[in-house]
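From first to last, the protein sequence lines stand for chains A and B. Taken in order, the first sequence gives residues 0 to 308; the numbers are from numbering that gives the first Met the number 0. Taken in order, the second sequence gives residues 0 to 334; the numbers are from numbering that gives the first Met the number 0.
Watch out, some of these pointers could steer you wrong.
[As the list claims (entries may be wrong)] Pairs of lysine to any residue, SDA-like flavour, derived with a Cα cap of 20 Å:
hint, chain 1, residue 1, chain 2, residue 2
1, A, K300, B, R134
2, A, K144, A, G113
3, B, K108, A, K300
4, B, K108, A, A221
Simulated from the structure, these hints should not be mistaken for laboratory data.
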Amino acid sequence: MHVDAPQGLSRRLSDLLYTRRGLLLLALLGPVLLWFGVIYLGSLFALLANAFFRLDDFTGQVVREVGFSNFVALLEPANLDSARRTIVMAIAVTLACTVLAFPLAYYMARHARGAQKAALYIAVMLPLWSSYLVRLYAWKLLLAKEGAISWLAQQLHAQWLLDALLATPAIGGPSLSFSTMGTFIVFVYMWLPFMVLPIMAAVERIPASTLEASADLGAHTAQTFRSVILPLAMPGVAAGSIFTFSLTLGDYIIPQVIGDSTLYIGQIVYRQQGVAGNIPFAAAFSLVPIVVIGVYLWLAKRKGAFDAL
Amino acid sequence: MTAAVSLDRVSCTFGTGAQAVRAVDSVDLNIDAGEFFTLLGPSGSGKTTVLRMIGGFTLPSSGRVFIGGQDVSHQPPYARPVNTVFQDYALFPHMSVRDNVAYPLMVRKAPRALREAKADQLLTLVQLPGVGSRRPAQLSGGQRQRVALARALISEPQVLLLDEPLGALDLKLREQMQSELKTLQRRLGITFLFITHDQHEALSMSDRIGVFNQGRLEQVGTPQQVYDTPTTRFVAQFVGAANVLQGEAAQRLTGMACAMLRPERITLGPQAGAKAEGQVSEVQYFGSFTRLKVQTWGTSVQADLPTGSALMVPPLSATVHLHWDAGAVHALATG
Numbered sequence: 000m001h002v003d004a005p006q007g008l009s010r011r012l013s014d015l016l017y018t019r020r021g022l023l024l025l026a027l028l029g030p031v032l033l034w035f036g037v038i039y040l041g042s043l044f045a046l047l048a049n050a051f052f053r054l055d056d057f058t059g060q061v062v063r064e065v066g067f068s069n070f071v072a073l074l075e076p077a078n079l080d081s082a083r084r085t086i087v088m089a090i091a092v093t094l095a096c097t098v099l100a101f102p103l104a105y106y107m108a109r110h111a112r113g114a115q116k117a118a119l120y121i122a123v124m125l126p127l128w129s130s131y132l133v134r135l136y137a138w139k140l141l142l143a144k145e146g147a148i149s150w151l152a153q154q155l156h157a158q159w160l161l162d163a164l165l166a167t168p169a170i171g172g173p174s175l176s177f178s179t180m181g182t183f184i185v186f187v188y189m190w191l192p193f194m195v196l197p198i199m200a201a202v203e204r205i206p207a208s209t210l211e212a213s214a215d216l217g218a219h220t221a222q223t224f225r226s227v228i229l230p231l232a233m234p235g236v237a238a239g240s241i242f243t244f245s246l247t248l249g250d251y252i253i254p255q256v257i258g259d260s261t262l263y264i265g266q267i268v269y270r271q272q273g274v275a276g277n278i279p280f281a282a283a284f285s286l287v288p289i290v291v292i293g294v295y296l297w298l299a300k301r302k303g304a305f306d307a308l
Numbered sequence: 000m001t002a003a004v005s006l007d008r009v010s011c012t013f014g015t016g017a018q019a020v021r022a023v024d025s026v027d028l029n030i031d032a033g034e035f036f037t038l039l040g041p042s043g044s045g046k047t048t049v050l051r052m053i054g055g056f057t058l059p060s061s062g063r064v065f066i067g068g069q070d071v072s073h074q075p076p077y078a079r080p081v082n083t084v085f086q087d088y089a090l091f092p093h094m095s096v097r098d099n100v101a102y103p104l105m106v107r108k109a110p111r112a113l114r115e116a117k118a119d120q121l122l123t124l125v126q127l128p129g130v131g132s133r134r135p136a137q138l139s140g141g142q143r144q145r146v147a148l149a150r151a152l153i154s155e156p157q158v159l160l161l162d163e164p165l166g167a168l169d170l171k172l173r174e175q176m177q178s179e180l181k182t183l184q185r186r187l188g189i190t191f192l193f194i195t196h197d198q199h200e201a202l203s204m205s206d207r208i209g210v211f212n213q214g215r216l217e218q219v220g221t222p223q224q225v226y227d228t229p230t231t232r233f234v235a236q237f238v239g240a241a242n243v244l245q246g247e248a249a250q251r252l253t254g255m256a257c258a259m260l261r262p263e264r265i266t267l268g269p270q271a272g273a274k275a276e277g278q279v280s281e282v283q284y285f286g287s288f289t290r291l292k293v294q295t296w297g298t299s300v301q302a303d304l305p306t307g308s309a310l311m312v313p314p315l316s317a318t319v320h321l322h323w324d325a326g327a328v329h330a331l332a333t334g
């Protein structure tokens with residue numbers, strides 16, 4: 000029987016890959032591992048190594064000597080203040096996203112069917128399909144002094160409420176678009192889909208019978224929520240919060256466009272590496288979110304957020 | 000005496016308009032206190048919907064549900080003095096076995112020491128001491144079943160609902176659990192409402208059986224009544240093997256319009272005094288008996304010959320003579 004060469008070769012190749020599974024795995028995972036290991040992690044470590052160098056103030060050149068001067072500089076009150084403000088914002092955004100996302104995600108997972116579920120899914124995903132900057136500037140207009148929200152407050156005779164909020168120290172400002180409250184609102188809006196989807200996936204995996212069993216065994220709706228739904232949805236909340244928390248910690252564009260002039264970690268890193276050319280200090284400051292996320296994950300694990308995985 | 004569970008013309012319809020399905024159709028039922036009652040029926044017959052309406056997971060479209068004389072038709076599950084053993088056990092995967100069993104006491108705010116002691120006591124009752132600190136995922140199917148049972152019993156419900164609890168177990172384990180459940184029920188004196196599609200299970204465990212078909216209760220009675228004197232053709236055929244005879248064959252063989260004859264009541268014998276003569280068309284060996292299919296009067300009659308009897312099992316296409324007592328024939332309504 001005649002078998003032509005290309006077919007014979009591809010047949011031999013497929014036989015080889017079938018009998019040597021390790022080879023197939025290597026072919027599939029090799030490129031992505033190379034990407035992660037060399038380009039992604041490699042450049043991250045190169046950046047972090049920079050944190051131990053320093054910038055010569057006089058020449059503006061990086062001095063490649065290991066030292067801790069950047070970490071000492073981190074402890075300056077202005078820098079500590081920025082770090083604290085960013086972390087508080089990340090926590091607030093994560094909490095708000097959880098509270099807003101949970102009912103929606105629960106409804107989508109347990110009650111919505113067919114076309115309604117698809118419509119809700121698209122409604123959650125739709126913002127992610129358009130440009131981040133477009134949405135950000137849209138919010139700038141919405142939150143401006145003569146913007147839609149201010150107009151709506153006037154029409155509803157609730158201007159006093161808006162004024163009272165804006166007069167609140169620490170979160171207020173001349174208008175929503177120039178206040179920490181505005182920054183918070185836009186952060187919550189931007190990251191909400193990243194919280195809805197993981198919670199929905201987690202709630203979908205809870206068997207309906209466990210909820211019925213809980214009610215059957217005497218638990219009221221609130222008790223079932225606390226003792227069964229919440230613990231079993233916790234991996235989803237934890238996954239979503241890792242997104243909302245780390246995205247807030249690292250973002251430098253939202254606080255640039257909306258908010259008062261106080262700086263967030265991302266902005267400092269951006270300015271240090273760009274305008275000032277102080278890569279070593281920028282690198283040292285980028286360590287802060289990494290350490291914070293590490294501590295956050297460790298706490299979440301200790302609290303048992305991943306137990307039901 | 001008040002019935003433990005009482006259904007008063009209970010119906011349940013799913014869907015609306017043209018797609019509406021009447022899952023349960025005007026069911027009246029009284030279950031006595033301390034009784035082991037089984038709802039037996041094929042899947043989709045509505046028996047699980049009845050259980051769900053008693054448990055409170057599904058509300059009846061019409062009719063009323065009473066538990067211990069109280070109208071609970073519109074009460075939520077947590078307000079009803081019944082507990083359920085679910086088909087998939089529905090254990091909480093994030094809790095230890097002990098916390099699972101103690102859950103009903105936890106939601107009623109019992110002190111921790113008390114509920115853990117009680118949970119361990121219940122785990123001993125279901126013969127699972129010492130697994131309290133494990134997770135449900137670390138247990139076998141049979142063990143999970145026992146944990147679900149312990150959890151449903153810990154708050155001492157008036158009625159225990161069991162929704163095909165043995166369905167997922169293998170045969171040996173299932174038989175063992177059947178006798179354990181029965182023993183447990185007798186010891187605790189709790190009313191058990193057991194759901195199954197397995198007629199052997201229903202016959203061997205129950206005080207009374209309700210046979211369900213297409214949303215209706217066809218017959219309620221003791222296992223003997225249901226087996227020996229079925230009231231409908233469906234009951235005759237669903238509970239145990241049966242020869243249901245109709246038309247000419249029924250007239251010739253039994254002198255009735257429609258009749259049932261159990262295969263084990265038929266024996267082979269001499270031509271003299273035989274009720275029928277026919278040809279063997281199939282021989283199936285079942286271990287404790289051999290089932291013959293005999294063609295006679297245009298119909299096929301099953302006859303079970305016990306293994307070890309003096310009779311030889313006839314070969315295929317042999318001509319045999321069938322004998323039975325007059326009392327073995329049970330008249331059925333035609334249709």
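Which of the listed hints are not met by the structure? 2 and 3
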